[in-house]
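Undergrad: Listed below, chain by chain, are the residues.
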Amino acid sequence: SAVISQKPSRDICQRGTSLTIQCQVDSQVTMMFWYRQQPGQSLTLIATANQGSEATYESGFVIDKFPISRPNLTFSTLTVSNMSPEDSSIYLCSVVGQLADTQYFGPGTRLTVL
Amino acid sequence: DAKTTQPTSMDCAEGRAANLPCNHSTISGNEYVYWYRQIHSQGPQYIIHGLKNNETNEMASLIITEDRKSSTLILPHATLRDTAVYYCIVRVMEYGNKLVFGAGTILRVKS
Chain A
29 SAVISQKPSR DICQRGTSLT IQCQVDSQVT MMFWYRQQPG QSLTLIATAN QGSEATYESG
89 FVIDKFPISR PNLTFSTLTV SNMSPEDSSI YLCSVVGQLA DTQYFGPGTR LTVL
Chain B
2 DAKTTQPTSM DCAEGRAANL PCNHSTISGN EYVYWYRQIH SQGPQYIIHG LKNNETNEMA
62 SLIITEDRKS STLILPHATL RDTAVYYCIV RVMEYGNKLV FGAGTILRVK S
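Order-wise, the sequence lines are chains A and B.
Take the first sequence: its position 13, counted from the start at 1, is 41 in this note's numbering, and no numbers get skipped.
Take the second sequence: its position 83, counted from the start at 1, is 84 in this note's numbering, and no numbers get skipped.
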């Protein structure tokens, strides 16, 4: 299985600011995804991070609010822009390996917006 | 992807087997059944997956009914550390297909 790390593990931010979350994988992976988990809720997919091209966003999520980069097969970033308290959530990076059979998750980034 | 239905919560005594049910009556022939769990404030952890045969690994067993409309995840000897939210998800195993999470079952293992 892939080993996934995320930075930062948690942060407290002021409204109106932006935060960039990094996801690093210890091996090359075919797919990378970003999920959000709001307090007391299940996971919701934000977007698929595509290597070398624009991310594919799910309904309800837009690039201006959640810009994503994926410069290579082991790294991706998610930025939460112009934050409000409603953005307080756990943000999770997820990957699918070469076999495409199993999806693995990082430890998450806990974001609190004041 | 087919929708799944799970009980909201379950209790289990420590040391006993935990049997977590999942209904997926609209599952397609090429959809796999996946189980993940999420221990408080951590990222989801993969447990097991299967297509139609029963599967077993070091963590759990997965029993899928013959008509594939339901399945059961079995933790043979539950411990307090197995307290978590357990998610049953059906997914086509193909490139680009991602997991869609439902509400899951809160399993509480009690001493």
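Because the hints were derived from the structure by calculation, they are not lab data.
Using N, Cα and C, we set each Cβ at its ideal position, and we do this for glycine too.
Where hints are given, some of them may not hold.
[Unchecked claim] Anything over 12 Å on all C-beta distances counts as not near chain A; from chain B, calculated:
hint	residue
1	P45
2	R92
3	K99
[Stated by the list, open to error] When the alpha-carbon atoms are kept at most 30 Å apart in a straight line, the in silico DSSO-like pairs for lysine-lysine are as follows:
hint	chain 1	residue 1	chain 2	residue 2
4	B	K99	B	K111
5	B	K99	A	K93
6	B	K53	B	K4
7	A	K35	B	K99
Undergrad: So, for every hint listed, does it hold in this structure?
TA: Here's how the hints hold up against the structure:
1. P45: Label violated. Min Cβ-Cβ 5 Å, cutoff 12 Å.
2. R92: 8 Å, violated
3. K99: 5 Å, violated
4. B/K99 / B/K111: 33 Å, violated
5. B/K99 / A/K93: 22 Å, holds
6. B/K53 / B/K4: Given that 30 Å is the threshold and the Cα spacing comes to 17 Å, the pair holds.
7. A/K35 / B/K99: 23 Å, holds
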